Amino acid sequence: MALSIVGPGGIETISGAIKKPKKQNGHNHGNYVIMTHRTAATTNPNCQRFYVKSADAYKRSTPVTADEQAQRARFAAISRAVAARGKDMAQTAQDITAFNAQKDQPGGLQTLKAYRWNICAQEYDQNNG
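Here the sequence shown stands for residues 49 to 177, where the numbers follow this note's numbering.
Heads up, a few of these hints could be off.
Simulated DEER-style distance windows between Cβ atoms [claimed, not checked]: (1) L160 x K107: 23 to 29 angstroms; (2) S52 x N176: 45 to 51 angstroms; (3) Q174 x A114: 18 to 24 angstroms; (4) D152 x K71: 49 to 55 angstroms; (5) K161 x K107: 30 to 36 angstroms.
Think of the hints as simulated: they come from the structure by calculation, not from any bench.
Since the structure is predicted, the reported quantities are computational estimates derived from the model, not experimental observations.
The beta-carbon is built from N, C-alpha and C at its ideal position, and this holds for glycine as well.
Kindly produce the complete structure, drawing on both the sequences and the hints.
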């Protein structure tokens, strides 16, 4: 649901889904009502946005392509490899040493998770051409 901040004058900001369609008997009733509040620094005074989308706005209109299926499979495999690598204590010690050695270099990855993703992605691409 939506996150709101209430002040002395009432609602100050709302961010998130205020209303979602209700699914009954295989079809949706109602619309999505979404508000966003930009928190990033800006000079624009308009930081609230209000959207109303139809119930099927997030329904895919085209079938999944073979390229998308391959990308999904690659992402899932790399994600599993990163999780397994994080649970292996011997590998974690090696990863931390290698991560610390590269993080201050030009183009170095700044988080251990990003480092592991990079390593596992390279291994996946090498093994699956």
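Q | Beta-carbon spacing of L160 to K107 - inside the hinted bounds 23 to 29 angstroms or not | A | This hint is violated: roughly 37 angstroms between Cβ atoms.
Q: Using the beta carbons of Q174 and A114, state whether their distance is inside 18 to 24 angstroms or not.
A: 22 angstroms, holds
Q.
I want to verify a distance hint. Is the separation of the beta carbons of S52 and N176 within 45 to 51 angstroms?
A. At 46 angstroms between Cβs, range holds.
Q. How does the Cβ-Cβ distance of D152 and K71 compare with 49 to 55 angstroms: does it lie in that range?
A. 51 angstroms, holds
Q. Given a hinted range of 30 to 36 angstroms, is it respected by the beta-carbon distance of K161 and K107?
A. 32 angstroms, holds
Taken one by one, the earlier hints fail for this structure only at number 1.
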